[in-house]
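Mind docking these for me? Both chains are given alone in their own frames, and the hints should help you get the complex.
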Amino acid sequence: MIEIKELTKRYGKKTVVEDVSVNIEPGTITSFIGPNGAGKSTLLSMVSRLLNADTGEVLLDKNNVKKWKSNDLAKRVSILRQSNFINVRLTIRELVAFGRYPYSKGRLTAEDEQFVDQALEYMNLIDMQNQFLDELSGGQKQRAFIAMVIAQDTDYILLDEPLNNLDMKHSVQIMKILRKLVNELGRTVVIVLHDINFASVYSDRIVAMKDGKLVKNGTTNEIINSDTLREIYDMNIPIQEQNGCRICVYFNSHT
Amino acid sequence: MRNRTKMILLFILVIISILLYGFYDIKGGFDYAFPRRMIRVAAMVITGVAISYATVVFQTITHNRILTPSVIGIGSMYEVVQTLIYFFAGSMSIWVINKYLNFGAAITAMIVFALLLYRYLFRPDKYPIYLLLLIGMVIGTLLGSFVTFLQVLIDPVEYLGLQSQLFASFTKVKAELLYIALGILLIAFLYGYFIMKKLDVMSLGRENAINLGINYDRMVMNTLILSSVLIATSTALVGSITFFGLIVANLSYQFFVTYKHSTLILGASLFSIVALVGGQFLVEHVLELRTTISVIINFVGGIYFIYLLLKESRAAA
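Chains as they are written, first to last, in the UniProt record's numbering: chain A, 1 to 255; chain B, 1 to 317.
Be aware that a few hints might be false.
Straight-line alpha carbon distances no greater than 30 angstroms define the calculated DSBU-like cross-link-like pairs of lysine-lysine that follow [stated by the list, open to error]:
(1) K6/B to K105/A
(2) K197/B to K67/A
(3) K69/A to K197/B
(4) K260/B to K75/A
(5) K210/A to K14/A
(6) K66/A to K27/B
(7) K216/A to K66/A
(8) K14/A to K75/A
(9) K105/A to K169/A
(10) K6/B to K197/B
(11) K141/A to K260/B
(12) K311/B to K141/A
(13) K260/B to K69/A
(14) K260/B to K27/B
(15) K75/A to K5/A
(16) K105/A to K197/B
(17) K5/A to K216/A
(18) K75/A to K197/B
(19) K260/B to K105/A
(20) K197/B to K141/A
So the derived list for chain A, only partly shown, Cβ under 10 angstroms to chain B, looks like this [stated by the list, open to error]:
(21) K67
(22) S70
(23) D72
(24) R81
(25) N84
(26) F98
(27) V149
On the chain B side, residues computed to face chain A include the following (Cβ under 7 angstroms) [what the hints assert, rightly or not]:
(28) Q163
(29) K197
(30) L204
(31) E207
(32) I210
(33) L212
These are calculated hints, taken from the structure and not from any lab test.
Cβ atoms here follow ideal geometry from the backbone N, Cα and C, with glycine treated the same way.
In isolation and in its complexed conformation, chain B is listed as follows (with noise of 0.2 angstroms):
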């Protein structure tokens, strides 16, 4: 099978899970159900996308096909910004309720987080990326430990709150931020789109992609900025499913076998839709919101991540 085919099939499986979120089963006012529906499929496809996006990308110039963004330690910091609202302001103050400071509030300290990360600890001509991901591991954890002593401290009834803000739910995506996070990853994706083919070129590597004229370190740099803004955007709008762009990148890789990032890239974001839109409806219509997306995520995408390391270790052994 070519790969068009593969893709134009893959887009029809996309056509026909959006066709079956929006329709099926509903009951009462179609008026009422469908542009709700339609505002989740909104928010799954944007998600996706950016996740997507972001994770290919990462893999590419970390040259590694097991990491996710999230070893930056984003989402954790993600997690820490939520647990000092609650924490200090509390779930009734201005910043759980107005959606919009607490959105602008989670974005600006993951962006600010991945910026400082780089610009401090991060200097590609004197230490490999690794280092980076090391420290960016270490201080994710210090983070995650930070939040869970706070959460020890806080009162039981708020906790309930933070939890369910923490997790990942397409449900309680509010209509107005998902126009602000269609900007931001409308920038984030032209410029994106531009560096397509570059891409391509560093997956041979640093010393062939100089060789090659590209001008790699700053490349890196630029690069791992746009995944941290993606990854921000998503995680402020439906909480961390990084998790998630594992698995969707390595069926791409695996389903896609090409070096194109533009291949890549679309097979990863249309698996990604699939996945988020097919889960979302067996949540909602055969587990009847017994459970969340991201519990099926996780449990999905834990026993893929094993079948990989296997397969790893084989393909090393």
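Chain A on its own, in the form it takes in the complex (with noise of 0.2 angstroms):
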């Protein structure tokens, strides 16, 4: 399990994360939502050791982020980050392969380039897998990055908003793999979304947050609800039931 305790970063005197604690149920996907500015790509990074933070810690099975060998880490927790810019030419299977680095070493054994075909195969990538990336449009970039992350094989799958740029098409599919891994290969997920129907149709609970601190932490049940939805957002939303899933329908709504 990852417990965040009592996080909290600034910088200089702006307080961007404050006093956050959270823990993760393993084997679910939690969304992270909240309006821009809340701190939730901060929280994220600060869970994945890309940042420091100023007071607090992050535990994983009971011991500090910190403390765990890098390399070790790299076999538990992965995370993708939502810009990703390469200046090297890679082909989306060689980007793919570089997921089994904490494993091999960049020496890759059979089985590694086993767990690349998989994962190549779960993203639907095996067809274009010599491409190269530079040649590919964002949705078929995010694919291969997420499929790098699978190739990873990690416990703790931490994705800071992969919808960006996507299309409703492939937002879709990606969500639905996402689930896939949670309920087919017990992987915990952990996701920053904007889009607050993706985490209410997909999340199994959700973290919001407000101005650095944490609002509410519940099941998605407990949060998508418009007096919670208000808390946060300052909006009113009005939700309707569609096959079973709540659905905010905040377009024209009047705060």
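Below, the structure written as structure tokens:
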């Protein structure tokens, strides 16, 4: 289990994340939602050791993440950020093979190749595996990076706005794959989402943030209701049920 | 053409240029000329490999293909040391005449300078690497102006001696220094060999590299120190030709389209040997020593640099 304990991050005088404590339940999709500048991405970066917290700690299996060996941690937790600019020319397959680095240190074994094949298949990339990344569309590139994280074979997968720049079809495709990873392979996914409807339809738990503070943390049904959403977004958001899913109709809401 | 074939071709080119340089037009005593030529070849191979390695790894950690390690100001530090020696001790002092002392002073000053810069100014967890580069450039310019100031004051005859000391040249390399340089470089290369695969991962950027278990900030520091040691050693041996690293590194990226540092570094090293040995051959036998190799390098390198800038700006547009 990942336990986030009293994390705080400041830039100068500005507090970006303030005293946030959350436990990430294994075997679930947990979404971080909240308005712009709520500190969701910063929180995720601190959980994944990309950023050092000023105070507080993150525990993985009761041990502080900072005390873990970097390579061992890379076998347990993976993170994908939203901007992935790479200035070397790589094919999809080469990129996905990098996901095996914590295990093989760059010398791929037959087992590693198998993981790479599976990850490519999972993301529907087998046919285009030898194409170069700079020749791909945004959605294809995003899928390639997610395939790398899948090949990394970690219990915890942290994703920072993976649906950015994706159209509806690809967004749904990726969310379904994440659901599959959780349901079939027992992974734990933590994801920062902007679209609360994706959060509502696909996640088990939701962590809502605002102005660097935790507003509420609970099951999807506990968060997706007009009262809680007003607290988070300062908007009046009516909710409609559609095939058992709660859909937030915020498009013409007045505050 | 596969990369292995390309590498073999390049290797054959290296052999040809070395043989040509070693055996062309040997008049008089073979026993006299040949060993001397081979010492120069050894110096060119050592510096070529050192500069190639330093530049490729430097460009990987800065995610930039136009910068060279010289922007940190190590080259200027070399000029500072030599100018101070000529200014205060003079060309007849032991600091100039004893090559070991001169070499030792120069290399120590450059490495200490780089370490101080990294130790006190570089906090990869707090500031982006570009801040370090900017500060390095400012300090480099400051040192350059300081050097010019001293050179204006210096005795004109002394200045001629200093100038020949500052010009990169392979003809004045002392064999004894070569062994010391080789020793330092072998240790550096040994470390460099072990981090080759990590560098591949680091070219994916900081966040992806950390995700894959690389201790990124520490690796950046180690790599900067490694490339500084390589540049310092080669500069103390033959003078400053870091601009050259830019050419061979980019040739290697273009010729071998790969992310693998083992291939890129080996390729850049072979390119640099061909260019240096071939260039030296031109200087000695075609231009009959009317110019130095650093002039040719700066001329060809400058044109290539402009080409790279135009290409990058077109890619960005």
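Checked hints:
1. Of the supplied pair hints, the one linking K6/B and K105/A holds, its CA atoms being roughly 26 angstroms apart against a limit of 30 angstroms.
2. Of the pairs offered as hints, the one joining K197/B and K67/A holds, with about 24 angstroms between alpha carbons and a cut-off of 30 angstroms not exceeded.
3. Using a Cα cut-off of 30 angstroms, the hinted pair K69/A and K197/B holds, with the two alpha carbons roughly 18 angstroms apart.
4. Pair hint K260/B plus K75/A holds up; C-alpha atoms about 23 angstroms apart against a cutoff of 30 angstroms.
5. Restraint check for K210/A and K14/A: the C-alpha separation of about 14 angstroms stays at or below 30 angstroms, so the hint holds.
6. Among the hinted pairs, K66/A with K27/B is inconsistent with the structure: their alpha-carbon atoms are about 68 angstroms apart, more than 30 angstroms.
7. Distance check on the hinted pair: K216/A and K66/A sit about 27 angstroms apart at the alpha-carbon level, within 30 angstroms; holds.
8. Among the hinted pairs, K14/A with K75/A is inconsistent with the structure: their alpha-carbon atoms are about 34 angstroms apart, more than 30 angstroms.
9. Of the pairs offered as hints, the one joining K105/A and K169/A is violated, with about 36 angstroms between alpha carbons and a cut-off of 30 angstroms exceeded.
10. For the suggested pair K6/B and K197/B, the alpha carbons sit about 21 angstroms apart, so the restraint of at most 30 angstroms is met.
11. With a C-alpha separation of about 21 angstroms, the suggested pairing of K141/A with K260/B holds against the 30 angstroms cut-off.
12. Distance hint between K311/B and K141/A is fulfilled; the C-alpha atoms sit about 24 angstroms from each other, no more than 30 angstroms.
13. Straight-line distance between C-alpha atoms of K260/B and K69/A comes to about 25 angstroms, which keeps the hinted pair within the 30 angstroms bound.
14. For the suggested pair K260/B and K27/B, the alpha carbons sit about 44 angstroms apart, so the restraint of at most 30 angstroms is broken.
15. Between K75/A and K5/A the alpha-carbon distance is near 22 angstroms, which keeps this suggested pair within the 30 angstroms criterion.
16. Under the criterion of a C-alpha separation no larger than 30 angstroms, the hint pairing K105/A with K197/B is consistent with the structure, at around 7 angstroms.
17. At roughly 15 angstroms between alpha-carbon atoms, K5/A and K216/A fall within 30 angstroms of each other, so this suggested pair holds.
18. Between the alpha carbons of K75/A and K197/B the distance comes to roughly 18 angstroms, so the proposed pair stays at or under 30 angstroms and holds.
19. Distance hint between K260/B and K105/A is fulfilled; the C-alpha atoms sit about 13 angstroms from each other, no more than 30 angstroms.
20. Only pairs whose Cα atoms come within 30 angstroms are accepted, and K197/B paired with K141/A is accepted, the gap being roughly 23 angstroms.
21. With a least beta-carbon distance of about 14 angstroms to chain B, the hint placing K67/A at the interface is violated under the 10 angstroms criterion.
22. The interface hint given for S70/A is met, as the beta carbon of that residue sits about 5 angstroms from the closest beta carbon of chain B, less than 10 angstroms.
23. Given the 10 angstroms rule on beta carbons, the hint for D72/A holds: about 8 angstroms separates it from the nearest Cβ of chain B.
24. A hinted interface residue such as R81/A counts as satisfied when its beta carbon comes closer than 10 angstroms to some beta carbon of chain B; here the least separation is about 5 angstroms, so the hint holds.
25. The interface hint given for N84/A holds, since its Cβ lies 7 angstroms from the closest Cβ of chain B, which is under the 10 angstroms cut-off.
26. A hinted interface residue such as F98/A counts as satisfied when its beta carbon comes closer than 10 angstroms to some beta carbon of chain B; here the least separation is about 6 angstroms, so the hint holds.
27. Annotation: interface hint on V149/A holds; nearest CB of chain B at approximately 8 angstroms, less than 10 angstroms.
28. With a cut of 7 angstroms, the hint placing Q163/B at the interface with chain A is violated, because the nearest CB-to-CB distance is about 39 angstroms.
29. Given the 7 angstroms rule on beta carbons, the hint for K197/B holds: about 4 angstroms separates it from the nearest Cβ of chain A.
30. Interface hint status for L204/B: upheld, as the beta-carbon distance to the closest one in chain A is roughly 6 angstroms, under 7 angstroms.
31. Residue-level restraint check for E207/B holds (minimum Cβ-Cβ distance to chain A is 5 angstroms; threshold 7 angstroms).
32. Of the supplied interface hints, the one on I210/B holds, with its beta-carbon coming within about 6 angstroms of a beta-carbon of chain A, less than 7 angstroms.
33. Interface hint at L212/B: satisfied, since its Cβ lies 5 angstroms from the closest Cβ of chain A, which is below the 7 angstroms cut-off.
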